[in-house]
Structure formats: structure tokens, C-alpha cells
Amino acid sequence: MFGFLKQVGDYTKDAVSASQNIARGLSVTFDHLRRRPVTVQYPYEKLIPSERYRGRIHYEFDKCIACEVCVRVCPINLPVVDWVMNKATKKKELRNYSIDFGVCIFCGNCVEYCPTNCLSMTEEYELAAFDRHSLNFDNVALGRLPTNVTTDPAVVALRELAYLPKGEMDPHGVDPNRPRAGKLPEQVLADLPKSEETN
Amino acid sequence: MSTAFTLDLETGFRGLLESGGVSPGISRLIWLPLPMLLVLVAAVVGVLVTVWLERKISAAVQQRIGPEYAGALGILQPLADGLKLLVKEDIVPARADGLLFTLGPVLVVVPVILSWLIVPFGQNLLISNVGVGIFLWVALSSIQPIGLLMSGYSSNNKYSLLGGLRAAAQSISYEIPLALAVLAVVMMTNSLSTVDIVDQQTGAGILSWNIWRQPVGFLIFWICALAECERLPFDLPEAEEELVAGYQTEYAGMKFALFYLGSYINLVLSALLVAVLYLGGWGFPLPVETLAGWLGQPIDAPLVQVITGSVGIVMTVLKAYVLVFTAILLRWTVPRVRIDQLLDFGWKFLLPIALVNLLVTAALKLAFPAVFGG
Chain H
0 MFGFLKQVGD
10 YTKDAVSASQ
20 NIARGLSVTF
30 DHLRRRPVTV
40 QYPYEKLIPS
50 ERYRGRIHYE
60 FDKCIACEVC
70 VRVCPINLPV
80 VDWVMNKATK
90 KKELRNYSID
100 FGVCIFCGNC
110 VEYCPTNCLS
120 MTEEYELAAF
130 DRHSLNFDNV
140 ALGRLPTNVT
150 TDPAVVALRE
160 LAYLPKGEMD
170 PHGVDPNRPR
180 AGKLPEQVLA
190 DLPKSEETN
Chain B
0 MSTAFTLDLE
10 TGFRGLLESG
20 GVSPGISRLI
30 WLPLPMLLVL
40 VAAVVGVLVT
50 VWLERKISAA
60 VQQRIGPEYA
70 GALGILQPLA
80 DGLKLLVKED
90 IVPARADGLL
100 FTLGPVLVVV
110 PVILSWLIVP
120 FGQNLLISNV
130 GVGIFLWVAL
140 SSIQPIGLLM
150 SGYSSNNKYS
160 LLGGLRAAAQ
170 SISYEIPLAL
180 AVLAVVMMTN
190 SLSTVDIVDQ
200 QTGAGILSWN
210 IWRQPVGFLI
220 FWICALAECE
230 RLPFDLPEAE
240 EELVAGYQTE
250 YAGMKFALFY
260 LGSYINLVLS
270 ALLVAVLYLG
280 GWGFPLPVET
290 LAGWLGQPID
300 APLVQVITGS
310 VGIVMTVLKA
320 YVLVFTAILL
330 RWTVPRVRID
340 QLLDFGWKFL
350 LPIALVNLLV
360 TAALKLAFPA
370 VFGG
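If you read the protein sequences in the order shown, they are chains H and B. Just so we're aligned, residue 0 is where the first sequence starts under numbering that gives the first Met the number 0, counting upward by one. Just so we're aligned, residue 0 is where the second sequence starts under numbering that gives the first Met the number 0, counting upward by one.
Quick caveat, the hints were computed from the structure, so don't treat them as lab data. This one's a predicted model, so the numbers in the text were calculated from it and none came from an experiment. There may be inaccurate statements among the hints.
[To be verified] Partial selection, computed: residues in chain H whose CB lies under 8 angstroms from chain B: (1) Gln19; (2) Gly24; (3) Thr28; (4) His31; (5) Leu32; (6) Arg34; (7) Val39; (8) Pro42; (9) Tyr43; (10) Val80; (11) Met84.
[Stated by the list, open to error] Pulled a few chain B residues facing chain H out of the computed Cβ check, cut under 7 angstroms: (12) Val38; (13) Gln62; (14) Arg63; (15) Ile64; (16) Pro66.
[Stated by the list, open to error] Think about it this way: if two alpha-carbon atoms lie no more than 35 angstroms apart in a straight line, the pair counts; the simulated DSBU-like pairs of lysine-lysine are: (17) H:Lys45 to B:Lys87; (18) H:Lys193 to H:Lys45; (19) B:Lys87 to H:Lys12.
For glycine and all other residues, C-beta sits at the position ideal for the given N, C-alpha and C.
From just these sequences and the hints, can you work out the full model?
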């Protein structure tokens with residue numbers, strides 16, 4: 000008799016706690032209804048890529064010495080360095096250079112190790128193409144500068160959360176000249192004690 | 000219910016025709032398709048609004064914006080979706096059973112639309128005051144799993160088959176507690192007619208709504224209705240993570256649109272029926288007779304009739320859409336249950352509780368016939 004009652008009691012307790020949990024969940028979702036959207040309305044608004052963003056690689060043909068370090072440090076030996084030895088001057092003569100961004104993983108090793116700094120990372124990330132072969136950039140395409148989000152009149156540039164001024168949570172309508180929260184690297188350097196700097 | 004409070008469009012319309020020299024038979028023939036067409040249009044518009052609400056509310060819950068560019072606030076997005084589905088290629092998969100494959104979605108949609116027959120928006124604002132109204136709905140909603148099973152079986156796809164089987168199992172499991180919950184209400188009303196069920200709730204405004212007398216029945220009915228509509232947390236038949244899209248997997252174009260339409264018409268219908276069965280249907284929270292009395296207006300004046308009729312329609316739709324809103328909010332709150340949990344919940348929890356609810360209602364009806372309908 001009492002065993003049965005205990006079962007019924009446990010059953011009821013379970014049901015009540017389940018409905019309480021559902022009510023708690025509903026209050027959370029209901030609360031979200033009044034919050035501002037956090038999404039970026041992409042083709043009309045774009046986030047400013049962060050510092051050290053690893054986008055499409057930029058290449059300066061004239062600086063390149065055809066040393067092929069970029070090929071050696073690349074995980075898949077991707078850059079194609081087309082050079083010939085000029086017998087007369089006993090120097091390498093660079094003819095073509097290309098990187099296939101359909102294959103590149105944007106690890107940045109080539110940029111890291113390039114002895115003449117002729118490779119650099121850009122903030123360009125819109126690499127969609129109808130044909131994957133059109134992603135194989137030659138030295139002319141690699142030398143083009145990417146369009147800048149902040150200077151594009153058709154785009155509202157938004158700062159990422161870490162780059163917003165102190166206290167700001169919403170990137171919309173923030174004055175672009177207000178500095179971000181925290182110190183910039185050069186400010187940190189200036190504030191360091193002199194002894195450390197002289198090392 | 001006093002016969003004074005009636006906005007009877009049929010009598011008015013046919014009277015107008017017959018005074019113009021039309022025979023009664025012809026005037027009836029002219030009248031008949033009008034409410035059907037109106038309700039069909041209302042159902043489709045209701046679905047469009049529900050789809051838009053679903054997308055907008057889902058977006059708001061997830062802190063997104065949702066459809067924005069098709070019309071003001073994306074209000075035309077469901078129309079664009081429908082148009083897209085309309086012009087899409089109609090594909091019947093290889094080695095599928097063409098006849099059953101086509102019949103499946105039809106068998107799902109037709110009973111749902113047919114069920115709108117019994118949804119009252121006012122004393123005389125329904126297609127047909129069938130004597131067995133709510134029973135007709137329960138019977139019609141049992142046809143749906145046949146269509147689902149049919150489309151799942153004929154698709155020649157394992158996911159479709161599993162989805163169809165799940166849909167059938169789920170519908171059968173939740174039909175029973177649903178019918179028992181309805182039975183308790185019917186017992187209190189002494190009638191299966193939806194109009195009588197609402198009439199019995201109109202005595203004292205919000206206080207006489209069935210939800211106060213049948214709180215458990217209300218919850219059971221709402222849970223079962225969600226399960227019947229295959230809404231989350233009970234959307235197992237089309238659980239996209241497990242079954243791609245369940246019985247809809249192989250469907251495209253207009254046949255898929257029929258499933259889509261059917262599921263949303265069913266949702267709106269279920270919400271309307273919850274409003275009718277438990278939330279006083281077209282009743283205003285204060286009885287309109289009392290309100291008219293305070294304003295010193297006779298209840299059977301033509302203008303007051305039109306106003307009360309409109310208030311009735313607005314109240315019915317408002318109550319239904321509050322419930323649709325809860326269903327959408329629940330979708331983003333509650334995780335999907337497993338199939339064994341689903342069947343356990345239906346058979347081991349809802350069914351006994353619905354039975355106890357029915358017995359308690361019967362006992363209360365015997366003990367307090369004044370409150371629980373003698």
C-alpha cells in the first residue's frame with residue numbers, strides 16, 4: 000500500500016521538477032527575445048579582420064631572390080618558384096611565382112621565413128570562385144593589394160569585440176577614432192622599466 | 000446560449016438572394032462554397048503568418064534578425080518560399096512507387112484541411128456545426144499517419160521508411176491520451192459539437208474557461224497536439240540529425256510543399272482547437288453581454304452584433320497565435336526526446352494521467368453537476 004504511494008509521490012516529484020526545468024528554459028529563451036541581434040549583416044556589414052589576420056598572401060616580385068625557402072617551409076611545398084640560372088651574371092633569374100589558394104592552408108610559414116620579406120599576409124578572405132583553378136594566383140595576382148573593409152563605401156565596417164573601446168559591447172555606431180580597450184604594443188613598451196628595455 | 004447573440008451570415012445572405020427572386024435551392028448552392036473558400040484562404044494565410052512568425056521568433060531567440068528583405072520585415076518570405084517550391088522540379092526517385100509516393104502528401108494534407116470544417120470563429124461563423132465535430136477531428140487526424148507511412152514506405156529510402164514508421168508509432172501513441180483529454184471536456188459539455196463546447200465556456204468570461212476545470216487535460220492535450228504536429232520536442236519522424244528529413248527526404252517541389260503546408264496548417268489547427276476546447280474559443284475574457292450592458296447597448300443591435308462577431312474572430316485567432324508562439328518558443332527550449340522516451344512518455348505517463356483525469360472529471364461531474372456540467 001505505502002510502496003505504491005511512494006511510487007506515485009516519486010512520479011509526481013519527477014513531473015514537477017521536469018516542468019520546473021522546462022519553465023526555467025522557457026524563461027531563458029523568452030529573455031533572449033528582447034536582446035539585440037549579435038549577427039553581422041554580411042554583404043552590407045563586415046567585421047574588420049583582426050591584427051595578424053592570416054588572409055590571402057601578398058607577394059612582391061621585385062624583392063624575391065628565388066631562394067625557395069617558402070617552398071621548403073610550406074607543409075605541402077605549395078609555392079611554385081620558376082627561375083633559371085643566368086650563366087653570364089651567375090645569378091638566379093625569377094620568371095614566375097605562384098601560390099594556389101585552393102590548396103593553401105594559410106599557415107603563414109612562408110611569410111614567417113621569407114628572408115627578404117617579399118611575402119606578407121593580407122586581410123583578404125573573400126576567395127570564393129566558380130572555378131578552383133582561378134584560385135591559383137600568379138605573381139601578378141599575388142601582387143594586387145586587397146580591398147580594404149574600412150575604405151569600402153558600400154560596406155559598414157564593424158570592429159570585433161576585442162577592438163571595441165572600453166565599455167562598448169555593440170560595434171554599431173562606435174566612433175572609429177576612439178581607441179580600443181587596453182594598451183597598444185608601443186604603449187606597453189613605453190611603460191616598461193628602462194632596465195628591461197636596455198637589455 | 001441565448002439565440003439573441005448570433006451573427007448569422009448565412010440567413011442574411013440567403014435572405015438577400017431569395018428576396019431578389021432566387022429559389023432557396025439555388026441560394027443555398029451559391030452560399031455553400033463561400034465559407035469553404037473563406038476558411039481555405041484563412042488557413043493558408045494563417046500558415047503564411049505562422050511560417051513568418053516561426054522564422055522571426057526563432058531568429059529573435061537566437062539573437063539573429065531573420066528574413067528581412069522580402070517585403071517589410073520579411074513578411075513576404077513565406078510567399079517567396081512557396082513560390083520557389085511551386086516552380087521546382089517534381090522528382091520521383093528511381094524504383095519508388097509513383098502512385099503511393101504521390102498519394103502520401105495528399106493523404107496528409109486533405110484530412111488536416113478538412114478538419115477546419117469544425118473550427119468555430121463565432122456562434123455561426125464556421126462551415127458546419129457537425130454534431131460529432133470534435134470526434135470528426137480525432138477521426139480525421141488518424142488518417143494522417145497512413146499518409147506518412149505511405150510516403151515513407153514508397154520513397155525507396157531507408158531514412159524515409161524509418162521516419163514514416165516513427166511518425167505512425169508516434170501518432171498512434173499520442174492519439175489515445177489526446178482523445179481521452181477531449182473526452183473529459185466532452186463529458187463536461189454533454190456534446191461533441193465545438194460550438195456547444197465554446198458555449199458552455201461563455202457564462203462568466205475568463206473564469207468559465209475550461210482551463211480552470213481541466214488544467215491537467217489542457218496540458219495533456221497541448222503536449223499531444225505538439226506530438227501530433229511533429230513539433231519539437233517530438234519531431235522524431237523528421238529528426239534531421241538522425242534521419243536526414245524522415246519521410247520527407249525524397250520529396251521536392253510541390254509534394255514537399257504539401258507536407259510543409261500540412262504541418263503548419265496542423266499546428267494552427269491544433270492551436271485553434273486548444274483555444275476552442277480550453278480557452279473559451281471566441282469568448283472575450285469579460286462576457287460581451289456584460290460589456291454591452293455596461294455601455295447600455297442592446298446585444299441584438301446590428302452594429303453590436305458585428306462588433307461582437309469581430310471581437311470573437313480576433314479572440315479566437317489571438318488565443319491560437321499565443322499558443323503558436325509558445326510552440327515556437329518550446330522548439331528552441333526543449334531538446335528532442337529519444338524514440339523510447341517518446342513512447343514511454345506517451346504510454347506510461349500521459350495515458351494513465353489522462354485516464355485518471357477522465358475518471359476524476361466524471362467523479363466531479365457527479366459530485367458538483369453545477370460546476371462540471373450536469
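Evaluated hints:
no. : hint                : verdict
1   : Gln19               : 13 angstroms, violated
2   : Gly24               : 4 angstroms, holds
3   : Thr28               : 5 angstroms, holds
4   : His31               : 5 angstroms, holds
5   : Leu32               : 5 angstroms, holds
6   : Arg34               : 5 angstroms, holds
7   : Val39               : 11 angstroms, violated
8   : Pro42               : 11 angstroms, violated
9   : Tyr43               : 10 angstroms, violated
10  : Val80               : 46 angstroms, violated
11  : Met84               : 59 angstroms, violated
12  : Val38               : 31 angstroms, violated
13  : Gln62               : 5 angstroms, holds
14  : Arg63               : 5 angstroms, holds
15  : Ile64               : 5 angstroms, holds
16  : Pro66               : 12 angstroms, violated
17  : H:Lys45 to B:Lys87  : 33 angstroms, holds
18  : H:Lys193 to H:Lys45 : 41 angstroms, violated
19  : B:Lys87 to H:Lys12  : 51 angstroms, violated
Hint compliance for this structure: hints 1, 7, 8, 9, 10, 11, 12, 16, 18 and 19 are broken, all remaining hints hold.
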